[in-house]
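Chains as they are written, first to last, in the working numbering: chain U, 144 to 644; chain A, 144 to 644.
Please note: incorrect hints may appear among the correct ones.
Copies of the same chain are indistinguishable here, so a pair counts whether it falls within one copy or spans any two.
[To be verified] Below, a list of computed lysine-lysine pairs in the DSSO-like style, where the Cα atoms sit at most 27 Å apart: (1) K198 - K152; (2) K198 - K147; (3) K464 - K619.
Keep in mind that the hints were calculated from the coordinates and are not lab data.
All figures in this text were calculated on a predicted structure; none of them were measured in a lab.
Number of protein chains: 2
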Amino acid sequence: MQEKLNELKMRLAEIADLSHASAVLSWDQQTYMPPGGAAARGQQMSTLRRIAHEKFTDDAIGKLLEDLSSYADSLPYDSDDASLIRVTKRDYEKSRKVPASLVAEIAQASAQAFQSWQKAKPANQFADFAPFLQKNLDLRKRVADCLGWTDRIYDPLLDQFEPEMTTAQVEAMFAGVRKEIVPLGHAIAEKANAVDDKFLHQKFEDAKQWALGVEAVKLMGYSFERGRQDRAPHPFTTTFARDDVRITTRVLPKFFNAAFFATMHEGGHALYNLGTPPEFERTPLAGGASLGVHESQSRMWENLIGRSRAFWKFYMPHAKKVFPRQLQGVGAEKMYRAVNRVQPSLIRVEADEVTYNLHIMLRFEMENALLEDRVAVNDLPDAWNAKMREYLGVTPPNDTQGVLQDIHWSYGTFGYFPTYALGNFLAAQLMEKIRADIPDLDARIERGDLKTLLEWLRAHIHVHGRKFTMNELAHKITGESLQTRSFVAYLKNKFGEIYGV
Amino acid sequence: MQEKLNELKMRLAEIADLSHASAVLSWDQQTYMPPGGAAARGQQMSTLRRIAHEKFTDDAIGKLLEDLSSYADSLPYDSDDASLIRVTKRDYEKSRKVPASLVAEIAQASAQAFQSWQKAKPANQFADFAPFLQKNLDLRKRVADCLGWTDRIYDPLLDQFEPEMTTAQVEAMFAGVRKEIVPLGHAIAEKANAVDDKFLHQKFEDAKQWALGVEAVKLMGYSFERGRQDRAPHPFTTTFARDDVRITTRVLPKFFNAAFFATMHEGGHALYNLGTPPEFERTPLAGGASLGVHESQSRMWENLIGRSRAFWKFYMPHAKKVFPRQLQGVGAEKMYRAVNRVQPSLIRVEADEVTYNLHIMLRFEMENALLEDRVAVNDLPDAWNAKMREYLGVTPPNDTQGVLQDIHWSYGTFGYFPTYALGNFLAAQLMEKIRADIPDLDARIERGDLKTLLEWLRAHIHVHGRKFTMNELAHKITGESLQTRSFVAYLKNKFGEIYGV
Chain U
144 MQEKLNELKM
154 RLAEIADLSH
164 ASAVLSWDQQ
174 TYMPPGGAAA
184 RGQQMSTLRR
194 IAHEKFTDDA
204 IGKLLEDLSS
214 YADSLPYDSD
224 DASLIRVTKR
234 DYEKSRKVPA
244 SLVAEIAQAS
254 AQAFQSWQKA
264 KPANQFADFA
274 PFLQKNLDLR
284 KRVADCLGWT
294 DRIYDPLLDQ
304 FEPEMTTAQV
314 EAMFAGVRKE
324 IVPLGHAIAE
334 KANAVDDKFL
344 HQKFEDAKQW
354 ALGVEAVKLM
364 GYSFERGRQD
374 RAPHPFTTTF
384 ARDDVRITTR
394 VLPKFFNAAF
404 FATMHEGGHA
414 LYNLGTPPEF
424 ERTPLAGGAS
434 LGVHESQSRM
444 WENLIGRSRA
454 FWKFYMPHAK
464 KVFPRQLQGV
474 GAEKMYRAVN
484 RVQPSLIRVE
494 ADEVTYNLHI
504 MLRFEMENAL
514 LEDRVAVNDL
524 PDAWNAKMRE
534 YLGVTPPNDT
544 QGVLQDIHWS
554 YGTFGYFPTY
564 ALGNFLAAQL
574 MEKIRADIPD
584 LDARIERGDL
594 KTLLEWLRAH
604 IHVHGRKFTM
614 NELAHKITGE
624 SLQTRSFVAY
634 LKNKFGEIYG
644 V
Chain A
144 MQEKLNELKM
154 RLAEIADLSH
164 ASAVLSWDQQ
174 TYMPPGGAAA
184 RGQQMSTLRR
194 IAHEKFTDDA
204 IGKLLEDLSS
214 YADSLPYDSD
224 DASLIRVTKR
234 DYEKSRKVPA
244 SLVAEIAQAS
254 AQAFQSWQKA
264 KPANQFADFA
274 PFLQKNLDLR
284 KRVADCLGWT
294 DRIYDPLLDQ
304 FEPEMTTAQV
314 EAMFAGVRKE
324 IVPLGHAIAE
334 KANAVDDKFL
344 HQKFEDAKQW
354 ALGVEAVKLM
364 GYSFERGRQD
374 RAPHPFTTTF
384 ARDDVRITTR
394 VLPKFFNAAF
404 FATMHEGGHA
414 LYNLGTPPEF
424 ERTPLAGGAS
434 LGVHESQSRM
444 WENLIGRSRA
454 FWKFYMPHAK
464 KVFPRQLQGV
474 GAEKMYRAVN
484 RVQPSLIRVE
494 ADEVTYNLHI
504 MLRFEMENAL
514 LEDRVAVNDL
524 PDAWNAKMRE
534 YLGVTPPNDT
544 QGVLQDIHWS
554 YGTFGYFPTY
564 ALGNFLAAQL
574 MEKIRADIPD
584 LDARIERGDL
594 KTLLEWLRAH
604 IHVHGRKFTM
614 NELAHKITGE
624 SLQTRSFVAY
634 LKNKFGEIYG
644 V
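Using the sequences and the hints, build the whole thing.
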């Protein structure tokens with residue numbers, strides 16, 4: 144049996160190498176590649192992905208998994224070997240269901256759709272993009288059918304990003320949260336002047352913004368021996384190996400928040416993957432449990448820590464040393480309030496903690512409506528704008544700042560958006576347990592000790608890699624499945640206090 | 144037949160993608176990778192290379208080549224299709240002769256030898272490195288035997304880097320050149336004070352050195368739309384696609400020449416690959432004919448242009464604008480003489496044009512002596528030092544600056560060194576033809592027109608990609624095979640005038 148397990152691991156290691164190589168090519172594409180490299184790079188990445196897909200869906204892997212299934216059954220569910228076999232089998236079965244020809248068709252269609260979106264967005268020409276979006280949608284419907292579904296066509300698509308989560312579960316959670324935060328948002332809107340963040344909108348020198356962000360992620364425990372930060376138009380984190388997890392950011396010359404909080408956010412993603420146990424390297428157990436759990440880490444560091452009063456009590460002197468002129472007369476409390484300013488806005492990635500999830504709910508509803516043919520692609524802008532008015536009270540002046548703002552649909556990615564909100568919910572749920580385990584957490588943060596938190600995250604979350612689903616993990620750590628109670632309480636408490644509502 | 148050719152091209156394109164992906168990983172390893180990434184990166188590159196090797200040595204490729212051989216025979220020798228089939232067949236037959244197990248053994252041994260060399264060099268401990276060098280040598284003997292040889296064991300190893308060149312041919316050329324340049328070197332040594340380059344050894348600001356080098360390669364015709372320059376400890380050029388050819392350099396804070404001429408050198412390599420016809424992309428015809436022909440391009444730009452009087456007549460005002468203090472009172476003529484200072488030295492990569500090839504000849508002789516068991520590994524330092532005295536009149540004070548200086552043998556690379564000298568010879572031979580075709584070349588260079596030269600190189604050399612061997616190319620362009628007459632005349636003329644000898 145050990146021999147078959149070794150044979151399986153050897154094959155999986157080869158596939159992991161291919162996938163990490165792909166990640167290097169993609170990182171270069173988004174950071175340093177000159178324009179001339181674009182066409183060839185697309186081919187190279189597609190070749191690597193195709194070879195990895197061929198090797199992973201090889202009959203031999205299916206046979207090994209079958210031969211190993213009774214061995215896996217004989218082991219505890221959470222043991223390394225049982226988990227490796229279980230998770231690999233889950234991935235394998237999904238990969239086998241989608242024929243290579245459909246994968247190739249999707250790759251081609253999404254490349255074309257992405258090109259169209261890149262032009263349509265700045266030109267505010269949704270109609271130009273619509274046929275490509277329709278094609279992406281049709282292809283994803285076929286993927287959903289290949290993967291199989293009974294209740295909702297959205298289920299298998301969501302499952303690709305958040306394994307075993309269902310559309311019905313998400314709908315229920317979203318409805319519950321929406322009921323609470325729409326009124327909270329309205330109450331805050333009436334006291335909009337209670338928070339002033341004008342001083343955050345002035346010139347902050349590029350190199351200094353960079354340095355302050357680097358200082359923050361180092362404080363979080365990110366090591367530049369095992370990673371690095373580069374510039375990219377859209378910040379992201381990428382993993383080339385357990386000991387080489389890189390982050391990227393972009394600096395806005397006249398707005399403090401953009402680079403600083405993006406750096407903390409990506410730092411949170413990176414710390415998760417850097418916490419992978421070494422023995423998971425080059426196996427499907429390496430990395431994070433799911434996209435939602437990953438977001439729980441990034442948004443915990445960005446919001447629950449980076450936008451906390453305790454953090455700014457410690458960090459304000461550092462920020463003032465770097466920006467003495469810009470932050471003159473700004474104390475920790477003023478900074479805390481400013482970085483937490485709430486304002487219904489048009490753009491998801493700029494949204495505050497209160498309104499952010501409304502942007503997600505809107506997209507989740509649109510995706511379901513499109514997939515279930517309740518909204519036609521051509522009617523999407525109207526549907527989008529109506530929902531923006533309903534949830535956020537704002538109307539996009541154009542599609543550039545409306546339905547065309549996100550990159551995801553141009554890639555043909557449906558089912559991804561909810562994971563951002565699920566991550567927010569999980570972060571708050573985990574934080575209640577963290578505060579129970581580390582009662583003096585705030586006092587520690589106030590003296591710059593973020594290490595205790597990182598150690599907790601490593602011991603309770605990172606150590607498991609991809610072994611568990613989001614609900615399994617939530618249950619294991621907090622004794623219950625993912626819930627939204629903690630998140631709603633967190634928002635009401637924090638923003639109620641800031642705005643006096 | 145067209146169908147088989149397409150099938151062959153499709154398979155070769157996949158292999159080209161894998162090899163370019165490998166190049167990206169290697170570039171990152173040498174430029175940006177954090178220390179933590181090292182171990183995994185080695186595995187990833189080895190996986191990519193193994194898959195590429197498996198795919199290239201697949202029986203199906205042999206069958207296609209066989210089926211296409213009569214088609215190739217029916218075409219002109221220099222046609223694209225005939226050349227593709229011929230060059231692929233040459234590569235294929237070599238690859239098939241070396242068993243995968245030996246390739247794997249070499250990869251492992253050279254990784255270990257490299258690690259040993261990295262420690263042994265600074266510590267001046269040749270004895271620690273000796274057993275690894277012995278292992279590398281034994282493995283290369285086995286490679287030579289696999290590839291087959293009749294006259295000299297060195298032949299098949301040289302052939303890997305310089306196809307169809309023989310050891311006997313190289314020996315004859317080296318003997319002829321040595322006879323001329325050893326006395327030239329002695330005559331120059333007696334007039335060592337005739338050239339003063341002290342002003343090149345002072346502080347030159349890093350960013351300004353960088354900018355001046357960038358300006359020079361742009362003048363050469365290198366486009367940052369189709370490439371970029373990054374920092375690396377050892378300068379190199381790497382190709383990710385026809386339209387993405389990157390260079391690297393390193394800046395020495397207190398010596399002008401190092402970065403500037405390395406940048407022009409790598410720029411010369413890059414222009415060669417950027418000149419590949421688009422239709423060769425993703426085939427074995429892409430890139431340069433051989434390492435020797437590649438060096439003819441890099442060293443032509445570095446030495447025949449970069450160290451020419453005409454170039455400095457044009458470029459001196461630019462250099463003085465960037466370094467007004469350091470170059471105060473230095474005119475074009477003084478600069479020309481300074482960058483051409485001749486001095487027998489210990490280190491190959493720092494050698495001038497006159498003594499450089501003596502360093503190469505020494506290494507070529509050592510490699511042959513080792514492979515033919517005329518010198519034992521343990522006796523190598525003594526043999527090296529004796530030869531240094533004989534050729535250059537200097538004795539290394541230690542092995543760090545002697546036999547341990549180069550990286551090549553630690554990788555197990557034997558047969559590579561001669562290509563540097565062959566490139567020098569070819570550059571001079573080509574330059575005679577270029578001057579015949581462009582009689583006003585110097586006048587053009589003096590007014591900053593390097594474009595005419597680049598166009599000539601593109602039309603006569605770059606356009607052929609890997610179609611021809613070095614001798615075929617030399618013959619096609621100059622009417623005779625590679626010869627050393629032009630090179631010797633060039634040296635005697637240039638340095639005779641500078642030193643009055």
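Evaluation of the provided hints:
Proximity of K198 and K152 under a CA criterion of 27 Å is satisfied in both settings, with 13 Å inside one chain copy and 22 Å between copies. When the C-alpha separation of K198 and K147 is checked against a cutoff of 27 Å, the pair qualifies both within a copy, at 17 Å, and between copies, at 25 Å. Taking CA atoms no more than 27 Å apart as the test, K464 paired with K619 passes in neither setting, with 43 Å inside one copy and 68 Å between copies.
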